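**Q** What follows is the residue order along each chain.
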Amino acid sequence: MNYHILKKSELDWFIKKLSRKMKVCAPVAKGHGSFAFKEVKSAGEIALSYIPTILPPKKYFMPPREKLLDFDLSGGKPSDTAYLEAVKTALFGVHTCDLAGIQCLNMVFAERPRDYNYLLRKESIFIIGLECNAYCDGYASCALVGNHNPNGGYDLFFTDLGDRFILHVGTQKGEELAEGLGLARAVPADMVALAGVRETKKAVFRNEIGVGLRNLPGILAGSVDSEVWKDLGERCVSCGNCTNVCPTCYCFDMADTINLDMKTGSRNRSWDSCQFESFAAVAGGENFRAERAERQRHRFYRKFKYPLNKFYRSFCTGCGRCTRTCMAKISLKDTLKALAAG
Amino acid sequence: MTEEILNSNWKLRKGLITAARQMTETEKLFEIKLEGRELDHEPGQFVQVEIYGVGEAPISVCSSPTRRGSFELTVRAAGRLTAHMHSLGKGDWVGIRGPFGKPFPVKLMTGNDLLFVAGGLGIAPLRSLINYVIDNRREFGKVDILLGCKTPANMLFGEEVAGWQKRLDVNFSCTIDRTDPDWKGNVGLITSLIPGVHINPEKTFGVVVGPPIMYKFVIAELLKKEIPERQIILSLERHMKCGMGKCGHCQIDHPKNYYCCKDGPTFTYEEVKAAKRF
Amino acid sequence: MKTEKEPAKASAKPKVAFFDFACCEGCQLQVANIGEALLDVLGAIDVVEFREVMSEKYDKAYDIAIIEGSITDFHAEERLKAIRARSKVLIAYGACAAIGGVNGMKNSFDLDEIRASVYGSDYHLFDSTPTRPVHQVVKVDYTVNGCPIYPPELIEVLKHALRGLPYTVPDKPVCSECKLNENVCMYERGVSCLGPWTKAGCNSWCVNNGNICYGCRGEVKNPAKAAASDIISKYNLKPELIKGKFDMYNKCKEGDNNGDHK
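Residue numbers (the working numbering), protein chains in the order written: chain A, 1 to 342; chain B, 1 to 278; chain C, 1 to 262.
The shape of chain A in the complex, shown without the other chains (with noise of 0.2 Å):
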């Protein structure tokens, strides 16, 4: 695939002519340290320097609420419609984490029975990504599952090379883009200056907890009864915050809405966390997972060890969302060290 170059002082240039062709969702500062993915239609609106987002871009492939039949009662029979609504949408400056993260719910939800609401919303999101050329902070654990760098995952992807970008083309309708723009080619410096953004990035990025991460599933699978949960259990505030802010946390709950007609109404599903303590309830009053400790290893397991076995991969991106944003300063570092140390 082609590498193409566009001048940082035509990046406002870029936004807008992508803006005329889709809506542009780009990281947007909110003061106090933290960002937010937001449409924008400059590039001055834009962080290109930013930590993880509050929410990832998850919300634009599964929206925190969305509606997924419409029903109507007034006849006998009761009738519905399947619903989606899937807006041309192009996403700016995701980060290498996050990439990843997509990458993961992509493959969750191309899994049969496949979720048509998501794939064919996917199906309209416009990815470019972004390159961190030094971690954004001290809670990231990006080189601990290998996502510090590129690995696919975007149409096209940016480079910072100082007065300019570099665009790696991923996807057909990248090219498209790019040279429907008529970005140029990029000559051999630029490739020499990228392969040195890459080879100082070796000593920056360094596995963050001194812990391979295949070894993680089986030092997990030995840890079921550890102390390290029973800690986590007593601090956890079940808020759910660490699973809402995940870019691969992908469980939902559905309920019905009713319109004050009484007759009309919707399907819907949202978000919904297994840190919450009715998550694994059932009706007859069974609790499957009553302690926070429980919940809180359950979590750990779905991110670095069911899906390694099953996917071959880690669902947890190394963004450091969950311990950013924890209350109770439960550190996903700390407590995959703590475990490792037995």
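The set of hints was computed from the structure by calculation and includes no laboratory data.
Everything numeric in this text was worked out from a predicted model, so none of it was measured.
A couple of the hints might just be wrong.
Some residues of chain A that are not near chain B, with every Cβ distance over 12 Å (derived) [what the hints assert, rightly or not]:
1. Lys8
2. Gly75
3. Ser79
4. Val87
5. Pro113
6. Ala280
7. Arg297
8. Lys310
9. Lys333
10. Asp334
Calculated cross-link-like contacts (lysine-lysine; reagent style DSS-like; alpha-carbon spacing at most 25 Å) [unchecked claim]:
11. B/Lys14 with A/Lys263
12. B/Lys216 with B/Lys166
13. A/Lys230 with B/Lys273
C-beta: ideal position from N, C-alpha, C; glycine also.
Using the hints provided, position chains B and C relative to the given structure of chain A.
**A** Only chains B and C this time, still in chain A's reference frame:
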């Protein structure tokens, strides 16, 4: 909108309640006829029942696929949706998704002796299999049915159970948990019935369905009888919301990452013995 | 789906009455301010009492009684019991009715002291009891939390009540909704917030508008007890701050524990 969405997995089929009967204070039996083609389920599978505007609940199909035309659900008023479902009756419509889940391994059971152990509401999913076996009786060896319930008033499918009791090709025993003046049969836990059953362990499948608390003790008895672990079949209870192995609610704490709705609800004991809880 | 029943005729619309006890009537104001959806609500019900906007008196049974305010004297207790006796369904709405709310601060002091400071030396002539939320006096069928109520939740509860379905108040912390709204955490701003202990269902209304959560919806069933010390140490806060904020709305919770009023 594309074909995929219009026929997506969230789309509901319309089911007409063709008969409904209160079985006990807490259980009601519904007979449902689907519009268009049959449900085409296998014993052990479940459906998601949607009451429009109220919500959806997973219910195991309690009728055998050999009885065509409609299917039956035994609904215990345990939660919001099921309690509301009790207010429905003949002529009402519900939405149906499914059938979902891995059925009982009926093909593997062919030519083997069968020992059915049902506790409480566990008789509902097991009835689907028992009637399937009765309708294909020639294909199986000796059949023993052990049934346990709290009181005689809690017993489900009383008439049908009496029918099984009369059959010459099925051995039937029943017990209630506590003594009752109107009860002349066995009293005690269901585990007390197992030692009395003659079992040829290599050629026997033990199928156990009941409340979570029952599994541990019944499985211990079956293992004592030396039934191989992979011939002990359980049906586990979890809250299956999507039925597609995605929403996460029914995931079992087990090294293999099982989703009860997709990898189960029926499991061999060999498969799930590493689970933290049944 | 009940198909045999005819849809309710206009005249057979459920009779709904709004009553207020010790409160600021702000929740009634919220109802009056619902806007366009109010017309839809009014299409589904027949309002027979509503002090903020009408004055007629109705003397038959109510299908739904909606109670605002907390119970702070014997007279109020008698009046509430009489309303309950005439109502098929009773909804407690607003923090004062649902959990006692700010009126509960009265319970932090000796009753006679409070009465003396309000009514002077003849305070014994004025009837007064410790503050109680509605459910500590009569049976409550539905609860709408909040100070003031979050109008979309009231409409949701009303729809449940009209259909005879139970409504479940979310029992997860406000944070769970706040995060979905991508608010910058109040703790990150250096302010303590009761979101981690307070029941969701308001769509983090206050934080969306730049305010902290004051706990007006009441505490979740199983709050994180030990977590407070971690939170306080992470953000370098004073423990009294959290406790003080909590008592502003939740003082009456103590009355739920002794079981006398249930």
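**Q** Going back to the hint list, which numbers does this structure go against?
**A** 2, 3, 5, 6, 7, 8 and 12
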